[in-house]
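Numbering-wise (this note's numbering), the sequence shown opens with residue 276 and increments by one.
Honestly, I wouldn't trust all of these hints.
Said to hold, decoys possible - What follows is a list of derived Cβ distance ranges for each label pair:
| hint | residue 1 | residue 2 | range |
| --- | --- | --- | --- |
| 1 | F387 | I289 | 31 to 39 Å |
| 2 | D385 | G421 | 15 to 23 Å |
| 3 | T282 | S360 | 31 to 39 Å |
| 4 | Y402 | L280 | 31 to 39 Å |
| 5 | I296 | I403 | 35 to 43 Å |
| 6 | G421 | Q350 | 40 to 48 Å |
| 7 | F412 | K284 | 30 to 38 Å |
| 8 | L280 | S418 | 25 to 33 Å |
| 9 | P304 | N383 | 15 to 23 Å |
| 10 | F321 | P392 | 19 to 27 Å |
What the hints assert, rightly or not - Quick list of in silico lysine to aspartate or glutamate cross-link-like pairs, DMTMM-like style, CA-CA up to 20 Å:
| hint | residue 1 | residue 2 |
| --- | --- | --- |
| 11 | K389 | D405 |
| 12 | K314 | D379 |
| 13 | K284 | D362 |
| 14 | K288 | D341 |
Keep in mind that the hints were calculated from the coordinates and are not lab data. Where is the CB? At the ideal position from N, CA and C, for every residue including glycine.
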Amino acid sequence: MLVPLYTLKLNQKILPRRVTIGRFDGVNPNLACATSAGKIFIHNPFTGGKMTHGGRLITGEQSVPDVYYLNIGQQISAVSSGCLSTDNRDVLFIGSQTHFLAYDVYNNTDLFYKEAPDGVNVISHGYIADQDVPLVFTGGNCSISGTCTLTCFLLLRG
């Protein structure tokens, strides 16, 4: 029989299929979910309230400790996370009907923010065949886009 280890009351409506777990500091797992208000909330019980603030990252309510919000300002259609570099820190990938965002939660910075005219409905991350660099693919209504690294993405799409 499964027994919950803890319960977290979020006071937010969570959108279906827009939830991911990432190791944004390279060590501890964090829960990231899209809300109906165009925000991503990140539950990080390992920092003790000491995450970097500013930029897109804001603190949550006092009644829900260790929750931080990223204000995306658009309706979120896809969320995923994965590692793009050798430092083992995951990047948060966020898709909307008009843009694709790669966000470094640990440093509280946008890595890239690109227009996606066909929208982003699905985000997938991993390795293909004999490639030794990770790839990120985004699927829209009628197109598929991909990148091998942040630099490659900027050169190919920029």
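**Asked** What hint numbers does the structure not satisfy?
**Response** Hints 1, 5, 6, 8, 10, 11 and 13 not satisfied by this model.
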